[in-house]
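There are 2 protein chains.
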Amino acid sequence: MSKPNPMSGFPELLPDQRFVELHVLDRLRRVFELHGFASVETRSVEPLDELLRKGETSKEVYVLRRLQADAEADDAGIGLHFDLTVPFARYVVEYAGKLDFPFRRYQIQKAWRGERPQDGRYREFTQADIDIVGKDTLGFHHDIEVARVMAEALAGLSFLPAMRLQINNRKLIQGFYQGIGATNIDAVMRVIDKIGKVPAEVIATMLVNEAGLDDTQAQQCLELAEIRSTDTSFVKRVRALGVGNDLVEEGLRELAAVIDGCASVTSERFVVEADLSIARGLDYYTGTVFETVMDGFEGLGSICSGGRYDSLASDGRTTYPGVGISLGVSRMLVPLLGKGMVAADRSVPSAVLVALLDEESRGACDEIAQQLRANGIPTEVASAPQKLGKQIRYAERRGIPFVWFPPIEDGSHEATSHQVKDIRTGEQIDADAATWTPPGQDLTPTVTSQMAPHQRAEELS
Amino acid sequence: MSKPNPMSGFPELLPDQRFVELHVLDRLRRVFELHGFASVETRSVEPLDELLRKGETSKEVYVLRRLQADAEADDAGIGLHFDLTVPFARYVVEYAGKLDFPFRRYQIQKAWRGERPQDGRYREFTQADIDIVGKDTLGFHHDIEVARVMAEALAGLSFLPAMRLQINNRKLIQGFYQGIGATNIDAVMRVIDKIGKVPAEVIATMLVNEAGLDDTQAQQCLELAEIRSTDTSFVKRVRALGVGNDLVEEGLRELAAVIDGCASVTSERFVVEADLSIARGLDYYTGTVFETVMDGFEGLGSICSGGRYDSLASDGRTTYPGVGISLGVSRMLVPLLGKGMVAADRSVPSAVLVALLDEESRGACDEIAQQLRANGIPTEVASAPQKLGKQIRYAERRGIPFVWFPPIEDGSHEATSHQVKDIRTGEQIDADAATWTPPGQDLTPTVTSQMAPHQRAEELS
Chain A
183 MSKPNPMSGF
193 PELLPDQRFV
203 ELHVLDRLRR
213 VFELHGFASV
223 ETRSVEPLDE
233 LLRKGETSKE
243 VYVLRRLQAD
253 AEADDAGIGL
263 HFDLTVPFAR
273 YVVEYAGKLD
283 FPFRRYQIQK
293 AWRGERPQDG
303 RYREFTQADI
313 DIVGKDTLGF
323 HHDIEVARVM
333 AEALAGLSFL
343 PAMRLQINNR
353 KLIQGFYQGI
363 GATNIDAVMR
373 VIDKIGKVPA
383 EVIATMLVNE
393 AGLDDTQAQQ
403 CLELAEIRST
413 DTSFVKRVRA
423 LGVGNDLVEE
433 GLRELAAVID
443 GCASVTSERF
453 VVEADLSIAR
463 GLDYYTGTVF
473 ETVMDGFEGL
483 GSICSGGRYD
493 SLASDGRTTY
503 PGVGISLGVS
513 RMLVPLLGKG
523 MVAADRSVPS
533 AVLVALLDEE
543 SRGACDEIAQ
553 QLRANGIPTE
563 VASAPQKLGK
573 QIRYAERRGI
583 PFVWFPPIED
593 GSHEATSHQV
603 KDIRTGEQID
613 ADAATWTPPG
623 QDLTPTVTSQ
633 MAPHQRAEEL
643 S
Chain B
183 MSKPNPMSGF
193 PELLPDQRFV
203 ELHVLDRLRR
213 VFELHGFASV
223 ETRSVEPLDE
233 LLRKGETSKE
243 VYVLRRLQAD
253 AEADDAGIGL
263 HFDLTVPFAR
273 YVVEYAGKLD
283 FPFRRYQIQK
293 AWRGERPQDG
303 RYREFTQADI
313 DIVGKDTLGF
323 HHDIEVARVM
333 AEALAGLSFL
343 PAMRLQINNR
353 KLIQGFYQGI
363 GATNIDAVMR
373 VIDKIGKVPA
383 EVIATMLVNE
393 AGLDDTQAQQ
403 CLELAEIRST
413 DTSFVKRVRA
423 LGVGNDLVEE
433 GLRELAAVID
443 GCASVTSERF
453 VVEADLSIAR
463 GLDYYTGTVF
473 ETVMDGFEGL
483 GSICSGGRYD
493 SLASDGRTTY
503 PGVGISLGVS
513 RMLVPLLGKG
523 MVAADRSVPS
533 AVLVALLDEE
543 SRGACDEIAQ
553 QLRANGIPTE
563 VASAPQKLGK
573 QIRYAERRGI
583 PFVWFPPIED
593 GSHEATSHQV
603 KDIRTGEQID
613 ADAATWTPPG
623 QDLTPTVTSQ
633 MAPHQRAEEL
643 S
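First to last, the protein sequences are chains A and B.
In case it helps, my numbering puts the first sequence at residues 183 to 643.
In case it helps, my numbering puts the second sequence at residues 183 to 643.
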């Protein structure tokens, strides 16, 4: 095999980077489960007609075919899923008779899109979604719930940059656009969705040219889109624009409830705010919409998005409304890892390396290691009986904090007991493998933020 | 959406079944990490020429193409990986400069094969692999290590059927086949690999017709293949066949060392034995080989296989020898789950449902839930303020063991304190959300074996 070339758009992590990802996934899972979300995985493939129902994403789908497919191929017309929402909607309809509603699920899985790779956009990427889906009806309070759960999960990961969860409501903006006399609401929404990506002066022109508004209407849309607040003061500012109807009022009430409901999870590192410019373009949301930007990484776009669907899925007779939020784990982490802004302090899980004095004592060393493992301490035994200095360097290179020395019994040197050395401090003490444990923070690799160069990285694990 | 049809070969699990899978994956990961194996994930796709190097699996590969691929498509010629060994070998060569050897990794990921679906054979399936790979050399003791680690992981899953890890050594059987004068060793190995799948009387005929042996030689091969022992007594029986050479002796020594080394992990539920019929057909192993059968599910074939490669990977200048073992998680679990032979007692992670008396008290109920969650207790709040009997049935249907009642303040009934009810026993006690915790075994769903029909696990609904 000649040295393989990296494949653009298919990021891979080194073991110490993978620890950071695992740490994030573990945290997400833990918080999701504490809130009663059950794990679901769907198959990676869906029928093409299912994947292409929305039309717009067709060019991004990876189609599968068996290399030696025969005529009666029963797996023709399948492709890899490009998100976790389409497969989940299908799962809900397919297994509805065996699920209990409202149904809370989390889904942490890969998805694929054949789009041009760029910063934060990959052809293979990991998503972490939570959704709550009801049968016929779904209480509005679940909109608040999914935002709070994701906020709690992300806010606990203190090595990540600060984030801003931006929330809006489709009823509010649709009602407003109707109120000013816009006729092509979808077109307005599509243009408004470009705010932040396209220079502000261009938006007004697009609203006129592409959404059929006059200059005054365009100006009103921009004034609405400028409103943002971390409390419910946005309500007054919207009303001050003088465009009101039942839909606007319903949207204001819902958005205020979500902002109020998230007050307890807001912090300096995780800001929750009403942002009236959030539209979510072509997505079929019908109420609450979410986006999330990461401080210093605004160019990545939203790393965590979602909202309320009045009909996440339907089998014709029954409608399943849903609300959910989807974290782009790869989009959030891969740029941070690539720039070395977050890192783990080990490339192995091992907290202890048991030094091997000679091959004959491997059995005794294995027993020491098993004693430590029985107490929950990840341990490996040296692969070869090299000089002790070399074994210590082996541990150092991997970030293993402790080296265990079995008793040495040769003429020149005699130790009567087992000893364990913290190779970071050099401290070496007598120890008993049946009872010794390292400090709790040394049991697992620690993830540190390298973002403030003058600050010593905070310890977080 | 009309009701979707299941897709043959792409198994999906219901939430309670997924708990069983997660439980197994958590156990595997925990044991792998305790032994110092680091997590690695590789991208799901590899260049086709890499996937097809072995030739034999070509018809099973799923090829990818973008639905609207253009001429300059830079992702032409890629396919989904069909195992985790080929991508890991590529990963080792690609990142060799950034890895420390010997390198221990575990990899729990999906793989895809376009083969005809049948019991235990899926088009999408989850594998859990451990491998240790060296640079230029790799100590033999690692052969023992991977067997012990996988045995420790599987033996701890007491709800699984008993298993039998069958170990052989390629040097031993190759040396033996050479010793009896066979010239086409690969052909002999390919036929021997069919033992158990093809009637015994057919094997002898195949050895003559397909591997060019005479009747005496074929008989000798069958005599060797009949030898099995859970201790090292196989050594004497092989020697009694009177075919000896250096290769046979080396193989005997290695196999005896692996069997001895696994003595401490052998139990009635997890038997480790030398089985001289194990050949691993076309796989390119060069020493130790592993297979594993599950009692009562012999028809699935081996659920956990692996062995030693003198050259897992090579970049021309450096060779990377490896030894590993791969667990077919889907092959092992999906049939058990499908037959209802293992099950979890909940469909949600929640241990507590906080009853909701009216919509106005949702805030107070959310606070109770957050207090419980802060103590590590998965908790959900009732979705709607239904009659209490309905809320208890909601919990029952999902297997949630406890319902929390906030104080009721109406004329007819008055409770002065919070109460929590074990809905399995009916026991209801006063409780403080800041301090109450359920028994440890109720914190997470319990996986039970349904294999003995009289031993029905606690029912939920």
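Be aware that one or more of the hints could be misleading.
Claimed, not checked - Under the rule of at most 27 Å between Cα atoms (straight-line distance), these lysine-lysine pairs were calculated in the BS3-like manner: (1) K317(B) / K376(B); (2) K521(A) / K185(A); (3) K569(B) / K317(A); (4) K521(B) / K280(A); (5) K280(B) / K185(A); (6) K317(B) / K185(A); (7) K185(B) / K317(A); (8) K292(A) / K280(A).
Claimed, not checked - Here are some chain A residues pointing at chain B (derived, C-beta under 8 Å): (9) F192; (10) L196; (11) R200; (12) L216; (13) H217; (14) D282; (15) P284; (16) G296; (17) V530; (18) R580.
Simulated from the structure, these hints should not be mistaken for laboratory data.
No residue lacks a Cβ here, since even glycine has one placed at the ideal position from N, Cα and C.
A quick look at each hint next to the structure:
1. As the CA atoms of K317(B) and K376(B) are separated by approximately 34 Å, the hinted pair breaks the 27 Å bound.
2. Among the hinted pairs, K521(A) with K185(A) is consistent with the structure: their alpha-carbon atoms are about 24 Å apart, no more than 27 Å.
3. Taken as a hint, the K569(B) and K317(A) pair is honoured in the structure, with Cα atoms around 19 Å apart against an allowance of 27 Å.
4. For a cut-off of 27 Å, the pair hint linking K521(B) to K280(A) stands: about 16 Å separates their Cα positions.
5. For the hint pairing K280(B) with K185(A), the CA-to-CA distance comes to about 14 Å; that is within 27 Å, so the pair holds.
6. Of the supplied pair hints, the one linking K317(B) and K185(A) holds, its CA atoms being roughly 15 Å apart against a limit of 27 Å.
7. For the proposed pair K185(B) and K317(A), the alpha carbon gap of about 15 Å is at most 27 Å, so the pair holds.
8. Taking the CA atoms of K292(A) and K280(A), the gap is about 25 Å. The hint holds against a cut of 27 Å.
9. Contact between F192(A) and chain B, as hinted, is supported at the beta carbon level, the nearest pair being about 4 Å apart and thus within 8 Å.
10. Among the interface hints, the one on L196(A) holds; its C-beta lies about 6 Å from the nearest C-beta in chain B, closer than the 8 Å criterion.
11. Hint on R200(A) holds. Least Cβ distance to chain B is approximately 5 Å, under the 8 Å limit.
12. Look at L216(A): its Cβ gets to within about 4 Å of chain B, closer than 8 Å, so that hint holds up.
13. Hint on H217(A) holds. Least Cβ distance to chain B is approximately 7 Å, under the 8 Å limit.
14. At its closest, the beta carbon of D282(A) sits 5 Å from a beta carbon of chain B; the interface hint therefore holds under the 8 Å criterion.
15. With a least beta-carbon distance of about 5 Å to chain B, the hint placing P284(A) at the interface is held under the 8 Å criterion.
16. A distance limit of 8 Å between C-beta atoms decides the matter here; for G296(A) the minimum to chain B is near 4 Å, and the interface restraint holds.
17. Because the smallest distance between the Cβ of V530(A) and any Cβ of chain B comes to about 5 Å, under 8 Å, the interface hint for this residue holds.
18. Annotation: R580(A) was flagged as interfacial toward chain B, and the flag holds, the nearest CB pair being 6 Å apart, inside 8 Å.
The earlier numbered hint that this structure contradicts is number 1, and it is the only one.
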